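Undergrad: Please construct the entire structure, taking both the sequences and the accompanying hints into account.
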Amino acid sequence: MHESYIRYSAEEKESIILTIKRSELSIVQALKRLGIPRRTFYNWYKKYAIGGLNALRATHCRAPTTWNRIPDNIRQIVVELSLEHPELTPRELSVLLLEESQIFVSGSSFYRILHERGLLERMEHDFIFAADEFHHKTKFANEMWQTDFYLFQSQGLGLVLSLYCN
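Mind the numbering: the sequence shown is residues 1 to 166 in UniProt numbering, read in order.
FYI, nobody ran anything at the bench for these hints, they're computed from the structure.
No experiment lies behind these values; they were computed from the predicted model shown.
A couple of the hints might just be wrong.
Stated by the list, open to error - Pairs of lysine to aspartate or glutamate, EDC-like flavour, derived with a Cα cap of 20 Å:
hint, residue 1, residue 2
1, Lys-47, Glu-14
2, Lys-46, Glu-14
3, Lys-47, Glu-11
4, Lys-46, Glu-12
5, Lys-47, Glu-12
TA: Rendered as structure tokens:
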């Protein structure tokens, strides 16, 4: 069962704490009637006992820092390298950076950094659509063949050429 989340003001929290303290019911029973989780109440109570009403006021938590964020100085190196070599792709730039300065930044991170700075050109895509019929029609059976071949290294045989025709 999903209960809706209610945000209480500091004054409302104080009122709830004082009401429960004065209640003839046990704390657990009173909290059940009010629909407040025990852990929430005890967190409020601890804050109230230590700092009073001001401690119950909502505190804005700081946004967490990303532990694996690429530092700004390396981001600047990425941008400078890409401006020096505009003909290279982000993956090629990644390899070049690793070879030149032993700094590893993945190709996808290169792409993301360059995209954030607006340094990537939009790729033009040529779409090829299937034809309604073959351009080179067959004149007799088995005239059109499909051939696949693979060249691979085998320990016992050396280079092996594998052909598959149908």
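Undergrad: Evaluate each hint against the coordinates.
TA: Taking the hints in turn, this is what the structure says about them:
Among the hinted pairs, Lys-47 with Glu-14 is consistent with the structure: their alpha-carbon atoms are about 10 Å apart, no more than 20 Å. For the proposed pair Lys-46 and Glu-14, the alpha carbon gap of about 12 Å is at most 20 Å, so the pair holds. Between Lys-47 and Glu-11 the CA atoms are separated by roughly 13 Å; this keeps the pair inside 20 Å, and the hint holds. Proposed proximity of Lys-46 and Glu-12 is supported: the alpha carbons are some 16 Å apart, at most 20 Å.
Proximity of Lys-47 to Glu-12 is assessed by CA-CA distance (about 14 Å); at most 20 Å being required, the pair is judged to hold.
Of the numbered hints stated above, none is contradicted by the structure.
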